[in-house]
Structures are given as C-alpha cells and as structure tokens.
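Novice: One-letter residues, chain by chain:
2 protein chains.
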Amino acid sequence: MNEFDLLRKIRERVARPDDRVLVAAGDDAAVVRPAGSVSVTSVDIFVEGVHFRLVTTSLRDLGHKCLAASLSDIAAMGATGGEAYLAVGLPDHLGERETLELAEGAAALAAEHGVTICGGDLTRADELFVAVTVVGYAEATDRLVTRGGARAGDLVGVTGALGGSGAGLILLERKPPGIDIQAGERLLDRHLRPRPLLEAGRALAAAGVSAMLDVSDGVASDLERLCEQSGVGVEVQLDALPVDEGVAEVAAAAGVDQLDLAAGAGEDYELLFTAPPARVAEMEAAAEQAGVTVTWIGVVREGEGVRLLAADGTERRLQGWDHLARRSGPAAPA
Amino acid sequence: MNEFDLLRKIRERVARPDDRVLVAAGDDAAVVRPAGSVSVTSVDIFVEGVHFRLVTTSLRDLGHKCLAASLSDIAAMGATGGEAYLAVGLPDHLGERETLELAEGAAALAAEHGVTICGGDLTRADELFVAVTVVGYAEATDRLVTRGGARAGDLVGVTGALGGSGAGLILLERKPPGIDIQAGERLLDRHLRPRPLLEAGRALAAAGVSAMLDVSDGVASDLERLCEQSGVGVEVQLDALPVDEGVAEVAAAAGVDQLDLAAGAGEDYELLFTAPPARVAEMEAAAEQAGVTVTWIGVVREGEGVRLLAADGTERRLQGWDHLARRSGPAAPA
Numbered sequence: 001m002n003e004f005d006l007l008r009k010i011r012e013r014v015a016r017p018d019d020r021v022l023v024a025a026g027d028d029a030a031v032v033r034p035a036g037s038v039s040v041t042s043v044d045i046f047v048e049g050v051h052f053r054l055v056t057t058s059l060r061d062l063g064h065k066c067l068a069a070s071l072s073d074i075a076a077m078g079a080t081g082g083e084a085y086l087a088v089g090l091p092d093h094l095g096e097r098e099t100l101e102l103a104e105g106a107a108a109l110a111a112e113h114g115v116t117i118c119g120g121d122l123t124r125a126d127e128l129f130v131a132v133t134v135v136g137y138a139e140a141t142d143r144l145v146t147r148g149g150a151r152a153g154d155l156v157g158v159t160g161a162l163g164g165s166g167a168g169l170i171l172l173e174r175k176p177p178g179i180d181i182q183a184g185e186r187l188l189d190r191h192l193r194p195r196p197l198l199e200a201g202r203a204l205a206a207a208g209v210s211a212m213l214d215v216s217d218g219v220a221s222d223l224e225r226l227c228e229q230s231g232v233g234v235e236v237q238l239d240a241l242p243v244d245e246g247v248a249e250v251a252a253a254a255g256v257d258q259l260d261l262a263a264g265a266g267e268d269y270e271l272l273f274t275a276p277p278a279r280v281a282e283m284e285a286a287a288e289q290a291g292v293t294v295t296w297i298g299v300v301r302e303g304e305g306v307r308l309l310a311a312d313g314t315e316r317r318l319q320g321w322d323h324l325a326r327r328s329g330p331a332a333p334a
Numbered sequence: 001m002n003e004f005d006l007l008r009k010i011r012e013r014v015a016r017p018d019d020r021v022l023v024a025a026g027d028d029a030a031v032v033r034p035a036g037s038v039s040v041t042s043v044d045i046f047v048e049g050v051h052f053r054l055v056t057t058s059l060r061d062l063g064h065k066c067l068a069a070s071l072s073d074i075a076a077m078g079a080t081g082g083e084a085y086l087a088v089g090l091p092d093h094l095g096e097r098e099t100l101e102l103a104e105g106a107a108a109l110a111a112e113h114g115v116t117i118c119g120g121d122l123t124r125a126d127e128l129f130v131a132v133t134v135v136g137y138a139e140a141t142d143r144l145v146t147r148g149g150a151r152a153g154d155l156v157g158v159t160g161a162l163g164g165s166g167a168g169l170i171l172l173e174r175k176p177p178g179i180d181i182q183a184g185e186r187l188l189d190r191h192l193r194p195r196p197l198l199e200a201g202r203a204l205a206a207a208g209v210s211a212m213l214d215v216s217d218g219v220a221s222d223l224e225r226l227c228e229q230s231g232v233g234v235e236v237q238l239d240a241l242p243v244d245e246g247v248a249e250v251a252a253a254a255g256v257d258q259l260d261l262a263a264g265a266g267e268d269y270e271l272l273f274t275a276p277p278a279r280v281a282e283m284e285a286a287a288e289q290a291g292v293t294v295t296w297i298g299v300v301r302e303g304e305g306v307r308l309l310a311a312d313g314t315e316r317r318l319q320g321w322d323h324l325a326r327r328s329g330p331a332a333p334a
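Those protein sequence lines, which keep their order, are chains A and E. Take the first sequence: its position 54, counted from the start at 1, is 54 in the numbering used here, and no numbers get skipped. Take the second sequence: its position 281, counted from the start at 1, is 281 in the numbering used here, and no numbers get skipped.
Mixed in with the good hints, there may be bad ones.
[Said to hold, decoys possible] Derived coverage of chain A by chain E (criterion: at least 3 residues anywhere in the stretch with Cβ under 8 Å from a Cβ of chain E; other residues may be distant): (1) 26-36; (2) 116-122; (3) 146-155.
Hints were generated in silico from the structure; no laboratory data involved. Predicted model, so just to flag it, every value in this text is computed and none were measured. Glycine included, C-beta positions come from ideal geometry on N, C-alpha and C.
So that you can see chain A by itself, here it is in the shape it has in the complex (with noise of 0.2 Å):
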C-alpha cells in the first residue's frame, strides 16, 4: 500500500464543499476561516479493545461513531460543527479498503451535520486507533455552556432516553438468550452509529441550561465531572431515569439491572444538563424544536458528588462495566 495514494483517495471521499476551507488536506495544514468569533476544540482517541472490538464493528460504523462521539462534544457546548480531522493507526491486517470503509462513515455523518474533514494522518501501527479533532463555533462566549455554572436548586436534566447502547453493547458481546438479534437492531444502532445532538445542543444552550455535557460514560459518571466542574453536588431519582425501549428485556435476558445499564454504561451521547426551575418550559420547548425530549431526573444540591437514590430514599451503588460486559467486551470507555 503506497501511503501517498491511500491519502489522496481518502481526501476524494471525504472532500466536499465549504467556503470556509480555502485549504483542505494535503498541504502541511488545512486553511479554515473561523466561523464564529469563538473556536471550540475537542479531541478525542479510540483504540481497539479497548473502545471497540473489530469483530463486532464494521469500518464504516466506526468511522461513524468516533465522529459522532466527538461532535458530541461540541453540542455539549452548543456550537456549531465545523472541520474534523482524523488521525489513524492502522495494522498491517487492515489494507485500503477497510481503511476507505472508516474514512466514508466519517464522511457521510460530517456531510449530514455540515462538518468538513479537512486533514488528518495516516501511519502503520500494531493496533487500530483513531484520533478525532473536532472543531466547532459560536458567535460569542455567552452562547456556549460549560460544565461548571450548575448551581444548588437547579434541576438536572437529560434529553431523549439511556442505557440503549450499553443494552446494545451486551448484544454484540454476549448475545444474551431468548433476545432476537434482529428485534434489537434499533439497540445496536445506538449502540453503533450513535447521533450527535448538535442541534439540540445549540437550543439548550440559547435556551439558558446552566451547565451541559455529553453521556459518554453513563449519567453517574459524567454528572461527577459536572460535580467537579461546578462545585456542586448532584441527587439523582433513579426511577426517573428515562430508561431506552428493550433495555429491560436485554437486562432481563443478560441478568443485570436495567437501571446499571441507563446509569452506568454511557455511549448513549444524550445531553445532560443543569437549569434553574423557572426555566423548565422554556427548556422543554427549546427541545421539542430541536426534535428531542426531555426528562427531569435530579436536583442539584450544596455539598459534592453524586447520590442515585431508589424509589424509597435509599442511595445505590451502580454495578461496574466490567460486571455487565464481562471481560469479553471493551472495557469501561475511559
């Protein structure tokens, strides 16, 4: 495989339109015009056994979900997509084809949220790995939130539904009895092409959340970085969990609790956020435009970390990712 051609075929598949970049690949670096006065960066790595196992995700998908899981992070700020830029490490085992296949799922999402792929590297490696820059914009500071501004009596919010993909993952990994592979496509859609909810992010945003990130390690543990970030701690009602359609039955069928799944497996990439209670129509509405809903599942409170709390007031412990996906899966997304 000549590096060089490989490149050039690559930056054919993901090339598109866009004013902004007056230089795109092939040069030392892209040329982009900012298209904002603020620029939000992200970066993010995926590695083979430890986010993704080959054997259960195609190319494609992959290619897919490390820009999704990225450009989440740049709705959780709520700006606009701008340019990704995709750096891989690539085995012997993986030849041009496969290495197109994860260069045009890339692709196809960024044309769907307007994101250009500009740039990026290609070396041989002894595993695959994927290196994500993302970049995003806003027309000013105030209109980007951060993980920090959650204050006490402020409500927690999420928006659409949890544990699908960690329902989905167990689907992939143990392929639990009695739960048909084909009846659990939506689940191992979650799980592998996974949305970025750039769109609704940006409604949040202007809608005034006073603090906002993105599940990707499970609501328990993303709202500890919110804690951090804010000073604050968190109560969450575990029955209010918004709780994906045929997780229950995976749980059932995986024995594991669904509320472990919902709580703890991530990679749902909802929008979790904090906001004054005065608020909660306006941020409903925002959400409803933007085509997600939202549930109300906790109070920020004084103090520090995180309390999940049963139906009778009791705090719970959440069960670890390694007790629902057993060692033959990735282990917890770091």
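Assemble the complex: chain A is given as a structure, and chain E must be docked to it using the hints.
Specialist: Leaving out everything else, chain E in the frame of chain A:
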C-alpha cells in the same frame, strides 16, 4: 492510576496564562478566541516502533519532538503558533511519572513559542502513541504559503543544514565505532529535540516565497510533494546541499553516503521553499533577520518529479532509509 487525577496533574503542568484561551482542558472542549482571521490546523501521529523507540528516546524528549514536528507544519505555512492538543495512548508499563514527563517536555517547548496546550485525551493502549493537533493563525490568507505555488524558473532554497537528524539517529541506533557519543551531542539534539522554525517561516512567507514545506521525510521526498501540488518538476544540485556539521564523520563511520543522509533521512525540520530569482536578496535578508541561513539548492522546471543531480550532471538515486538505519531502527517516518 486514576485517569481523572492524572489528567488534572497534566493540566497543571501544561497550564499557562493565555488571554485567547477562554476555557482550557477539563470541559467537553476548549474554547479559544482565534488570534487571526484564518486558522491553520495540522494533525500528526507518532507511534512507538514506527516513529521512535522508547529505548533511545526519553518521554520528555518525545513530548518535545512530537510537538516540534507538528509546529514545524505551522511554520511551513508561515503562520503563528496558537494552541496544541495532545492525545496519548499509554501502555501499562508507563505510569504517571512518564506521562507527566511527556507533558512537561511538550509544555516547555510550547511556552517557548507562545503556544498553549489546552486539551487532549488519554487512554490505555498496547503501544505508546501520541496524536498532536496544532492550530496556528494568520491575519489573512495571503500571508500564508502552500505547497502549490512553485513556478518554473523559481529557485529552491532551504534553511540551515541537512542530515543532522539522520546522523543523530544513526548515533542512537547503530553506535558506529570511532564516533564519540559525547562529541555527537549536537547531532543527537538535532534528532531528539528539533526546533520548529516559526519565526523563519513567517519571515519567508512575508518576503514572498512561492511555495514552502518543512523537511520531515527528507528533501528528495518532500520536494516530490511540492512538485505534485505545484504541478512542476525540480532539479536539485546534490553538491549544493548544506550538509550539517559532523554528518560526514558519522556517515563515514557507518558506511553510508552523507548525501543520502542530507537528502533522504529527513526530520531536520528545516524549511524548504521556492522563490523567483529576483527575490533572492529579500529571502536571504528575511531569513537572516529570523536567525537562519538560506542555501539555494536547485531550480523549478516544467514537468514533474524530482531529479537529484551529481556535480557531473548525472542523475542519482538515494539509498532507502531502511538501508541507512538498518532494521534495528524505526522505519522511514510516515
């Protein structure tokens, strides 16, 4: 090792005051006010066993070198350095101390060049790899230089001296007899701690070079890229190449030709550029102002491809890098 603790310690190591950086590492994404009307972005990956070997490279030097090589791309565009993002895949045998050394090596170089490391990612991996994203800025597009502007009749110039990095690598990997490692300290430095020529890049861009890139793969291979992008050919006078001090001795001791090192080994991170003959004096003055010398090594022709000409006018082919470094060393940089 707790990933979040380690990330916090890394953030402490790389933090520096920077008015442009509105939200640094620790949130979903970094928020930056671009320092110019156009941004310039490059992504590079460095993999153990391909681009470096831990047995000959300290983690501190690795952090320095990965960032230096990436900033060299920004220099080659004629842009000013802005931000950097480091994503690291970390094998189990490397712990907190080594990871912080890597971060410190990169942070020290970043600070020297007014660059802020404001984000990244960290994950477990079987082999060590580093993915670096660098962002630079320019006031306007016409201040930047691509690889695509070389025209027939232009002269080909290069800053500084060549082959030092390759000679340093031979010292590291093959320890040829008769060369004292201490005496080769400067060459080791060229290989392990290259300097990105950001000031020289801006000066040459302002003086009107027609095309520019940095010497990463070696003059011969890098000029091929310039020829492709500009739609021209290039003739290089091999005896005009500015061979770095000490390269001849290392080449002789290792039984290779010094011209193979100067034209083919790469990683010198000098700037390679083309300019109309009428602007030679301006280029030389601009380079001198920025503290670097310029040597004119060839001429741009109609046609395609790079011809390396010996003093008698015959064409010469380079020995491959595998021959130079033997199988013990890293393969040719990708």
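Novice: Give me the numbers of the hints this structure contradicts, sorted from smallest to largest.
Specialist: none
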